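Top to bottom, those sequences are chains A, B, C and D. In terms of our numbering, the first sequence opens at residue 251 and continues consecutively. In terms of our numbering, the second sequence opens at residue 539 and continues consecutively. In terms of our numbering, the third sequence opens at residue 30 and continues consecutively. In terms of our numbering, the fourth sequence opens at residue 30 and continues consecutively.
Treat the hints with care, as some may be off.
[Claimed, not checked] Straight line, CA to CA, 25 angstroms or less: simulated SDA-like cross-link-like pairs of lysine to any residue:
(1) D/80 <-> B/656
(2) D/242 <-> B/631
(3) D/275 <-> B/669
(4) C/251 <-> A/376
(5) C/251 <-> B/631
(6) C/116 <-> D/242
(7) A/337 <-> A/276
(8) B/679 <-> D/158
(9) D/354 <-> D/158
For the record, the hints were derived by calculation from the structure and aren't laboratory data. Here the structure is a predicted model, which is why all the values come from computation and not from measurement.
These are the residues of each chain, in order.
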Amino acid sequence: MSAIDTSASAGFALSTRGLSRSFGSLVVARDIELNLPVGARYALIGPNGAGKTTLINLMTGMLAPNAGQIMLGGQDITDLSPQARVKLGLARTFQINSLFAHLNPLEAVTLAVCERRGISPRFWQNIAVNKDAIEEAYDILVRLKLGDCAYQPTRELPYGRQRLLEIALALATKPKVLLLDEPAAGVPQEESGDIFEVVASLSNDLTLLFIEHDMHVVFRFATHIIVLVGGAVFTEGSPAEIAADPGVREVYLGKRHHG
Amino acid sequence: MLPPIFGVLFDGIAYGMLLFVLSVGLSVTLGLMNFVNLAHCAFAMLGGYVTVTLVNIFGWPFLATLPISFIAAAVTSVVLERLLYRRLYRASDLDQVLLTIGLAFISVSVAAYIFGTIQQPIATPAALRGSIDFFGIGLGKYRLFLIAVALLVTLAMVIGLEYTRFGAQVRASVDNQRMARGLGIDVDWTFASTFALGSGLAGLGGSLAIEIVGLDPNFSFTYLVYVLIVVSVGGLGSIAGSFAAAMLIGISDIAGKYYVPELGAFLIYLVMVVVLMWKPAGLFGKR
Amino acid sequence: MANPTPLTPQGYLLARTDWHPLEIMFWLATLLPFLVFPNYLSLASQIAITALFALSLDIILGYAGVVSLGHAAFFGIGAYSAGLFSKFVWGEPFSGLLVAATLAGLFGYATSFIISRFRHLPLIMITLGLGLLAHEVANSAHWLTGGSDGFQGARTDPVFGLFRFDLYGKTAYAYSLGVLFIVFLCARRLIHSPFGLALRGIRENFNRMPAIGADSRAHIRKAYTIAAVIAGICGALLTQTTNSASLESISFQRSADVLVMLVLGGAGRLYGGLIGAAIFMIARDQFSGIAPQFWYFWIGVLLVAVVMFLPNGILGGLSAIVARWRRK
Amino acid sequence: MKRSIIAAAALLAAAALPNAAGAQGTVKIGVISAYSGQFADTAAQIDNGIKLYMKQHGDTVAGKKIEIIRKDTGGPNPDVAKRLAQELVVRDNVDILAGFTLTPEALGAASVATEAKKLMVDMNAATSIITERSPYIVRVSLTLPQIGETAGTWMATKGGAKKAYTMVSDFGPGIDAEGAFQRAFKAAGGEIIGSVRMPIANPDFSAFIQRAKDLNPESIFVFVPGGAQPAAIGKAFAERGLDPAKVKIMSTGEAVDEQAIKAMGDVSLGRLSAWHYDYNLKTKNNAAFVKAFNDEFKRNPDFFAVGGYDGMHLIYEALKKTGGKTDGDSLVAAAKGMKWESPRGPISIDPATRDIIQTVYIRRVEKVGGAIVNVDFDKVENVKDPTHK
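Can you make the complete structure from the sequences, with help from the hints?
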């Protein structure tokens with residue numbers, strides 16, 4: 251286990267202190283301490299039911315912790331609402347698509363941009379006059395290779411495109427820290443590369459934490475890997491360290507077939 | 539000698555018991571199937587008309603009609619469940635509300651067509667008329683009977699749901715439908731029979747209600763409001779919750795009228811809004 | 030929906046706010062009663078008022094996904110406050126509308142803090158409870174509202190000081206239609222605004238909204254207040270065009286009826302409520318002429334049929350047919 | 030597309046236009062009532078009264094054919110009633126407005142009667158102020174002060190009670206009845222020891238009755254609207270141990286109507302009431318009326334039915350007097366002071382107020398040959414509404 255100085259959380263984009271949560275006797279997060287440096291590309295791995303998505307839910311405020319703190323850029327955000335955390339720069343995507351079925355990608359991303367810019371309360375204004383917001387939304391779509399289907403209703407998009415739209419929605423909030431919950435879940439192997447190309451091309455200022463099962467992808471894109479088992483951090487380290495760790499092999503790599 | 543308020547409270551409890559029998563079925567079906575059945579009181583009305591018809595036209599004794607009204611409401615509800623309701627189990631709350639309001643509208647018109655708009659009189663057996671003196675307060679015999687029936691229903695439901703195989707299947711289906719199917723439980727059948735049970739109880743409640751509140755074609759809507767209040771205050775799917783809520787509504791209605799008559803019918807709505815503000819899922823609600 | 034000429038994203042969104050020829054025809058058709066049905070103008074006036082009421086419900090139900098079974102509360106507040114204003118202050122109709130809208134809006138804003146805490150079934154119950162509470166308040170305030178005898182003493186001055194509310198309902202229809210059209214323009218702008226987009230977002234996926242930084246509850250509070258303002262205007266219109274107001278204006282029946290109309294026409298389509306209200310009111314007028322006792326039977330059958338076969342209402346069904354026809 | 034819409038509209042318009050051709054030889058009567066909803070039975074009985082009268086007297090009077098157009102208000106909706114009245118006048122060209130189950134309906138339509146100068150016959154709505162709202166309104170039913178005052182005076186004098194408690198439903202008719210009873214009772218030397226106004230939608234009365242009982246009154250005056258409540262309050266009296274033999278329970282007729290006392294059974298025996306009609310009344314015309322009504326509709330008539338019946342009588346006789354002239358002024362003039370023998374006894378229209386003058390009977394619920402009925406044992410003749418100026 252690598253030692254990390256937990257007192258200096260101010261230097262990190264996102265960190266947690268003793269984060270715990272249980273449902274009755276079932277502990278889903280136990281005393282989790284994490285530190286994500288600015289611009290990091292971290293992977294969060296672990297067997298099914300290890301509490302990976304729960305951890306993201308705790309960090310983004312969709313689930314309240316029983317104990318512990320969450321710091322975003324040194325600021326304690328533990329008691330803030332999910333939308334307030336988004337406004338401070340903490341965004342996420344969902345493992346299972348959570349999109350706006352009857353909006354098209356342009357509308358959906360424009361919606362997110364409007365929320366960030368604080369113009370969404372304007373009920374008296376034609377949305378089309380907000381040229382900057384719309385063009386910003388369109389640029390995000392183009393960057394994520396969604397430019398050609400911007401006007402197609404979301405529910406009619408191919409699944410891989412919908413996964414990209416998940417990321418586009420998160421990017422529209424201009425996050426400092428982005429938590430990606432299995433961005434390529436359910437996407438055929440050959441397409442998942444595309445998605446991670448997009449992920450890799452994101453700005454270096456952006457701090458990334460992603461959950462992923464495909465070890466090839468993890469080793470290719472992550473600079474650092476955290477292994478979660480039974481709601482607790484089992485170990486963490488560079489890809490090389492994790493690959494060499496016999497304990498990880500045993501608890502995780504050995505039974506990777508769950509998929 | 540007991541002070542007169544006890545007599546009034548007794549009436550309130552009996553009224554609460556009636557509300558309980560009328561609403562417990564809706565509470566169970568709502569909790570089990572997450573289905574908003576605003577036509578629930580139409581089944582109660584059906585039970586009421588079955589009793590009235592059997593007593594007044596065929597000369598049956600009142601008590602003998604009670605099981606028949608239960609069965610009639612239960613059977614009708616299963617037919618409707620198979621034909622219509624079943625298709626909307628996964629639909630939105632709104633669609634369910636609209637379908638069942640539609641059925642309630644139809645029930646009002648059909649009842650008016652068959653039985654006329656007249657208020658239906660009913661003769662209860664002599665043994666249930668009058669009152670018993672209890673330390674100086676009169677306890678209506680019919681109300682005692684109502685309380686007894688309601689307690690029996692509660693007992694039967696608690697035993698049925700806690701100690702029988704059917705009860706276990708129902709509880710398993712409520713907790714986790716997918717897992718219940720996996721365990722080989724026929725969830726469709728469980729739904730249909732629970733629905734029949736709930737509607738049958740409504741039918742029984744309708745028959746019991748005639749003596750206290752009367753019966754006319756508007757019954758489907760007049761009592762819907764009270765039933766919905768009991769269900770939402772009590773919490774969906776909770777028998778204990780419905781029981782507690784029915785008592786709370788019955789007693790606060792009565793006590794309010796006795797001590798502050800100016801508040802009138804106000805109080806029960808206030809109780810409902812306050813309870814839901816405090817506990818959105820109702821007193822005993824899980825969600 | 031493929032566009033032959035590539036539009037800029039802004040141009041695309043701008044084009045969506047264009048008036049469709051059918052829309053223009055629709056509004057031209059609303060003028061027909063003056064020429065073709067001069068004997069039906071008072072019905073037409075009440076249809077216009079009810080249509081506006083359905084539109085106000087559409088904003089919260091069709092766009093924000095908030096089901097309310099107590100929307101008549103605001104209609105009633107508007108109806109009574111317009112009546113009281115005309116009785117005790119003056120009878121000029123437009124200021125009456127303004128007062129009614131303000132009061133209904135204030136009540137809407139106050140209750141929106143309760144409403145926005147709930148979703149789904151508890152929401153239906155709480156709106157029902159609040160609606161019944163409002164009805165009971167109006168009933169017990171007999172000295173102010175006339176209770177179940179109906180409000181007495183409303184008097185409305187001629188519109189612009191020129192047009193008296195006549196027996197044929199000519200002024201009433203022109204006035205109601207005018208207000209309907211102006212409020213409709215505002216509502217149309219609203220749904221094409223950033224706020225309207227946020228409301229659609231809430232309807233489509235309430236749970237995703239916080240994850241894109243949206244405060245859904247604040248949006249719902251605002252939409253609810255706006256809907257209350259419009260409902261208040263409707264109530265005031267009814268009071269002014271009939272010089273009467275009653276408990277019925279604040280009853281559960283009215284809340285249920287408007288929900289039925291909206292869903293019948295098709296929620297979330299702006300015109301659904303208008304068309305639903307027209308069909309409902311005309312059907313009631315016709316059926317109640319034939320067999321007054323049983324007209325709710327047909328409404329019931331219609332509801333069951335719509336839910337079973339036309340889940341998106343009449344407009345939804347029509348647009349599905351048009352879409353299928355175009356694909357061929 | 031556009032052309033076809035216009036064509037369709039024109040077709041609809043043609044279908045909807047009033048049938049001008051037949052208008053010459055017909056008198057159209059627009060009946061506005063709450064045919065659906067909570068008060069549907071009231072409207073149905075008024076309608077039965079109308080139908081029976083037309084069956085007995087034919088549908089032609091003064092050389093003109095009578096045509097009835099029914100409109101449903103669905104309940105106490107003044108706005109709907111007003112619109113229906115407007116439509117009946119402008120669309121259907123009716124000559125006379127009639128019906129009116131409920132006060133708000135009558136008040137809603139009153140301004141239309143004034144503006145269109147049409148005779149408006151109130152066949153039921155019983156709040157005193159109605160006839161003051163338009164010079165074209167004539168009432169053939171009753172007013173609650175008429176009944177309440179008679180009940181109050183009788184109770185304090187012949188009834189022999191000095192302390193009374195009043196329980197009324199909290200709406201216009203109830204408040205009218207309460208006021209009249211209290212005024213008359215006090216004027217005749219009695220004392221009102223308490224009163225309560227009960228919500229109109231009220232399923233359980235026991236708490237209100239217990240309040241009354243706590244004060245130990247000699248008499249209780251009750252007004253509740255017809256429907257489910259009379260039986261409910263009657264049973265609640267018995268359950269709370271208020272025996273009509275010891276406490277004189279006086280009410281208006283609704284509280285002891287046929288269905289109510291049937292549902293109450295023996296506990297209704299001894300209940301007193303002041304009312305203007307009952308199927309058991311022994312007047313000159315009543316037996317024949319009750320028989321004809323039963324033959325036609327398989328049920329007994331009630332005061333709603335007699336309101337519809339007498340309303341039609343007034344319309345027929347007025348038309349005969351005017352020789353078929355249907356303008357409101359002639360018809361109202363013809364109706365003023367009209368006297369006739371109704372199933373309820375001799376009645377007349379007060380020429381000053383256009384309101385009904387009739388006999389009010391004091392009745393007691395008794396068992397006659399196994400059946401529970403209201404038996405009249407005292408009466409006050411020629412009672413006017415005491416509140417009209």
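The hints, checked one at a time:
Taken as a hint, the residue 80 of chain D and residue 656 of chain B pair is honoured in the structure, with Cα atoms around 18 angstroms apart against an allowance of 25 angstroms. Taken as a hint, the residue 242 of chain D and residue 631 of chain B pair is broken in the structure, with Cα atoms around 47 angstroms apart against an allowance of 25 angstroms. A hinted pair counts as satisfied when its Cα atoms are at most 25 angstroms apart, and residue 275 of chain D with residue 669 of chain B qualifies at roughly 17 angstroms. As the CA atoms of residue 251 of chain C and residue 376 of chain A are separated by approximately 17 angstroms, the hinted pair is consistent with the 25 angstroms bound.
A distance of roughly 23 angstroms separates the Cα atoms of residue 251 of chain C and residue 631 of chain B; the hinted pair therefore holds under the 25 angstroms criterion. Restraint check: the Cα-Cα separation between residue 116 of chain C and residue 242 of chain D comes to about 42 angstroms, which exceeds 25 angstroms; the hinted pair is violated. Distance check on the hinted pair: residue 337 of chain A and residue 276 of chain A sit about 32 angstroms apart at the alpha-carbon level, beyond 25 angstroms; violated. Proximity of residue 679 of chain B to residue 158 of chain D is assessed by CA-CA distance (about 44 angstroms); at most 25 angstroms being required, the pair is judged violated.
Pair hint residue 354 of chain D plus residue 158 of chain D does not hold up; C-alpha atoms about 28 angstroms apart against a cutoff of 25 angstroms.
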